[in-house]
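Peer 1: Sequence:
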Amino acid sequence: MKRTQPRRSPGERPSASFSRKDATLRMLAPWEYARAAGILKEAKLMADDLSDARVAMFGLYDGDTMYALGGFERYGKDALLRSMVVPPNLRNRGLGARLLTGLEALLWANGVENIWLLTMTAAHFFKRNGYRSVERARAPESIRNTGQFSGLCPASATLMLKKRSPSDG
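Residue numbers are given in our numbering: position 148 of the sequence shown equals residue 148, and the series is strictly consecutive.
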């Protein structure tokens, strides 16, 4: 019987082995959520509500090694992007953009029209990727009622929005 190795956490394998073109976005299995929560907490990101049935988490993998982590909550035509993390030793290599592009493509392909997010530290990254800051009052009720919006993220977090364009498929 062939033995499979467990998937590694972000940054466990030397970064030189990462090949962006071979990266695949995979949905985390339920048993991987505890590890994801640990990764998010280590990065000082909110993880208290990962067990919520609306939360879908994904990893960006090269082989069995996870190099980035992120997810979303879907509410009809709106989605809340959340919990994106790339380990510090792997930043500035395009991994965050690759993860974001993959999550966006999945959401656009499934009928989402607006992707919302809250951030304390990455507004510049999201702005470079087509998001714009908006007043918190502009968020639809479904987004305002999420745990992230209503309590887990501080009121000082920047709310950002990206609307689907015709070229997003």
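Simulated from the structure, these hints should not be mistaken for lab results. Hints are supplied without guarantee of correctness; some may be wrong.
Simulated pairs of lysine-lysine, DSSO-like, Cα-Cα distance not exceeding 30 Å [stated by the list, open to error]:
#1 Lys127 with Lys77
#2 Lys127 with Lys163
#3 Lys127 with Lys44
Peer 1: If you test the structure against every hint from before, which numbers come out violated?
Peer 2: none
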